[in-house]
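K.L.:
One-letter residues, chain by chain:
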Amino acid sequence: AQTVTQSQPEMSVQEAETVTLSCTYDTSESDYYLFWYKQPPSRQMILVIRQEAYKQQNATENRFSVNFQKAAKSFSLKISDSQLGDAAMYFCACRGGSNYKLTFGKGTLLTVNP
Amino acid sequence: DTGVSQDPRHKITKRGQNVTFRCDPISEHNRLYWYRQTLGQGPEFLTYFQNEAQLEKSRLLSDRFSAERPKGSFSTLEIQRTEQGDSAMYLCASSWGGNTEAFFGQGTRLTVV
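These protein sequence lines map, in sequence, to chains A and B.
Mapping the first sequence onto our numbering, position 71 (from 1) lands on 71, and the numbers just tick up by one.
Whatever position you read off the second sequence (first residue = 1), add 1000 for our numbering.
Just to be clear, a hint being listed does not mean it is correct.
Here are the simulated DSS-like pairs of lysine-lysine, each with C-alpha atoms no more than 30 Å apart in a straight line [what the hints assert, rightly or not]:
| # | chain 1 | residue 1 | chain 2 | residue 2 |
| --- | --- | --- | --- | --- |
| 1 | B | Lys1057 | A | Lys73 |
| 2 | A | Lys55 | A | Lys78 |
| 3 | A | Lys106 | B | Lys1011 |
| 4 | B | Lys1071 | B | Lys1057 |
| 5 | B | Lys1014 | A | Lys106 |
| 6 | A | Lys55 | A | Lys106 |
| 7 | B | Lys1014 | B | Lys1057 |
| 8 | B | Lys1011 | A | Lys101 |
| 9 | A | Lys101 | A | Lys70 |
| 10 | A | Lys55 | A | Lys101 |
| 11 | B | Lys1057 | B | Lys1011 |
| 12 | A | Lys101 | B | Lys1057 |
| 13 | B | Lys1057 | A | Lys106 |
| 14 | A | Lys106 | A | Lys78 |
| 15 | A | Lys101 | B | Lys1071 |
Here are some chain A residues the structure puts well away from chain B; computed CB gaps all over 12 Å [unchecked claim]:
| # | residue |
| --- | --- |
| 16 | Ser12 |
| 17 | Val13 |
| 18 | Phe68 |
What the hints contain is simulated information worked out from the structure, not anything from laboratory work.
Idealized CB from N, CA, C, for every residue including glycine.
Let the hints inform the model, and build the full structure from the sequences given.
P.N.:
Right, here's the structure in full:
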């Protein structure tokens, strides 16, 4: 079983600045995957970035990167050079290696100010 | 568009009525998932299929809920005798295998009045 906690219900950032969204998790599995999903208003959820727990190197996708601290069970998302289109609800999620269901946090609503 | 498709996008129903939602996954995807998302919460897992077999059901899925995936293609989620607590966004997702990205549909928003 997994639990995912996002302690920031809302965050805001100025356009072109950098913002970090926090996530902590707990899992009983030794093999697991972590994800950040973006859900714009009235649009479908899309995957932003994923991290395999067995990989020590932090994942990076263009302006998005993670800080994966396995011992602390922390998985934060950094968005660099924020753009207006980044405004959305962001969900952190965890999936065990032996099952396929995602466990989500409650989400962080990101506002990007022009 | 070859993404995950859900129909209808919105459904308003009276308490006690039955409703059925449809999900068409990405065509080559063998795994299909249903999630429920209530206001202010992240999605919660309901059930998942591998091809036509329903392999796991959450305790959230009461006996009023039933899901099918005939022939391993599209899936339906039926809620019988709807209650106001069933009001939520119902999300469908699909993936190829278990270790690949799950793609989500736009969801069906159910309002029970």
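K.L.:
Enumerate the violated hints, using their earlier numbering and listing them in ascending order.
P.N.:
none
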